[in-house]
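**Student:** If you want the building blocks of each chain, they are given just below.
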Amino acid sequence: MTVEAVLGSPEIRHPLLEQLSQLWRNKTAVAGLVIVILFIGAALLAPWISPHDPIETSLYDQLQPPAWAEGGSTRHILGTDDLGRDILSRIIWGARVSLLVAVVSVSLAFVVGTLIGSLAGYYKGTLDNVTMRVMDIILSFPYILLAIVVVAYLGPNLRNAMIAIGITYVPRFARIVRGSVLEESEKDYVLAARSIGAGNLRIVFLEILPNCLGPLIVQTTLSFASAVLDAAALSFLGLGAQPPTPEWGAMIAHSRSLILRASWVMTFPGIAILLAVLGFNLLGDGLRDALDPRLRD
Amino acid sequence: MLAYIVRRLLILIPTLLGVSIIVFMMLRMTPGDPAELLLGERATNEALVEVRERLGLNEPLHVQYGLFLKRLAQGDLGETIWTRQKVWTEIRERFPATIELAVVALGISCVVGIFLGIVSATRQYSIFDYLSMLGALIGVSMPIFWLGLVFMLIFSLGLGWLPISGRLSIGVSIETITNFYILDSLLTRNWVALRDVIWHIIMPAVTLSTIPTAIVARMTRSAMLEVLRQDYIKTAKAKGLSNFKVVYKHALRNALIPVVTTIGLQFGVLLCGAILTETIFAWPGVGKWMYDAVMKRDYMVIQGGTLFIASLFIFINLAVDVLYAVINPRISVR
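Going down the list, the sequences are from chains A and B. Residue 133 in this note's numbering sits at position 133 of the first sequence, and the numbers go up by one each step. Residue 1071 in this note's numbering sits at position 71 of the second sequence, and the numbers go up by one each step.
It is possible that part of the hints are untrue.
[Claimed, not checked] Some but not every residue of chain B turned toward chain A, in silico, with C-beta under 8 Å: (1) V1140; (2) F1151; (3) M1152; (4) G1240; (5) L1241; (6) F1244; (7) I1309; (8) A1310.
[Claimed, not checked] From the derived model, a few chain A residues whose C-beta atoms are all more than 12 Å from chain B: (9) E18; (10) S21; (11) V30; (12) S50; (13) I55; (14) W68; (15) G84; (16) V103; (17) V130; (18) D136; (19) V149; (20) V151; (21) S185; (22) A232; (23) R256; (24) L282.
What the hints contain is simulated information worked out from the structure, not anything from laboratory work. The beta carbon of each residue, even a glycine, is placed where N, CA and C say it ideally should be.
Extracted from the complex, chain A is given alone in its bound form (with noise of 0.2 Å):
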């Protein structure tokens, strides 16, 4: 930006409403964003547009193939599983259980991490020797294998699966906070809040935090997607949402068996899976460049 972009502008906005505005000319963020509000809005909206019940079942209407396929017809869009149930209807439904998992465990993750990471950072010394330890211990499961061990100790469902993934979570989270806080704490205007009497807690959550914003909704961003993925993964392997709910994840588990026979019952919940991660991805990234101008490449 040059110097009479800036002093020609005639209104002072936030650096990070300023920030954020560059997203717009990220085109591929833009995409992101695009399958991020068509992805949140199939979840939010499913009982008005889901063309049918996600779970009843249907004797009559069992494998019908997608509209475009032989034998296919536009009542079942992109056809039917072996027990009747509309694919496209399930599909929309599970966008809400997938939204609702990475929101639950992702916000667990955040509020928790941003706490611990934010404590460490700035009280220093053996807070954060030994906090960042135990952050280093949860790193050093491999995480799936940590959700799927948390997962097969408390129970199959998706309420342990969504506290499984957030405690997974946690560690970037706090690594990330942490790391900004440290940075932050150093500088003048926190000197300049303690000097004029402001509590500790105060300074931390009221003073630095803000400024650490945008490497958080960052991490944030891309935390959704590889929430989506893991309890997409998870109710694969049996342990996330049970039958018969609409979960992706569980869908193609279910479809399994069907391979041979009607393979389009597993195609659709994979791609639906591949496009709502890739665009909380896209934006993700997108957001990283603009928020974050040290890591762009």
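Since the structure of chain A is already known, use the hints to place chain B on it.
**Tutor:** For chain B alone, kept in the frame of chain A given last:
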């Protein structure tokens, strides 16, 4: 350098202890009687009493943990619930299959990923660059359990080119020396078996390599772009070196430093992915074994397998860090 390695080894101790505490606590925090969980529902009363006695389950927690550590130090991971075999024996039987799969997958990732990364970086903003980076993005977003099934549908069921699952065809035998089938068939010059083994490993290995390949490609590209911007590259070009020499000799060497770390860390990703890939392709490795154990609630296997994989993961990460310090003389070894 030595001090750095020693320090890293010292950090290993609390980390490994932490892992053991987590694995130890998991069973104790699971609702139900640990002895019953360990022995399964078929356990007799005498067996339950015996296990409680042997594991000290009637003792306070810290004593139990002490006993747990003592058994670990003796290399005793206990017996499985279902097969009544030593857990360690079962790991040893299955581990070569997992490593073989992971190494082949990692090999594919390195070759394909580094190649894509270099070409994309040297032709930044070309069609090739866009396509390979789009491919890499799709790669990191790929549900590999689904991709594996799609491969199966196309290459096994559709075209009939590759076997659908397993490690070896029925009727093909291998004299097992190392339990790494590729190595074994090479050592015994059993070409029929070698062909069969390679035929079986292609699909699971390619499936497993998807995400690491994409990550390596992206990493190589950005590392190469970073290096290609530097002055010494301009100098190399200015003194008239061929483009090939500049890219592959001068630039690549420096660009590979972060890439090596990335590749090392992918090994952990591969071990994770192995659980999914082995389950789909019925590959008789540690991943499928763990999955079966979770399904059968064989807590001894889950416990032993988790400890084993987590320790392995820690040692690999350590090795990667040390290697990074060795190949990058600029790193400040504080």
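**Student:** Just pull the numbers of the violated hints for me, sorted ascending.
**Tutor:** Numbers 2, 4, 5, 6, 17, 18, 19, 20, 22, 23 and 24, in rising order.
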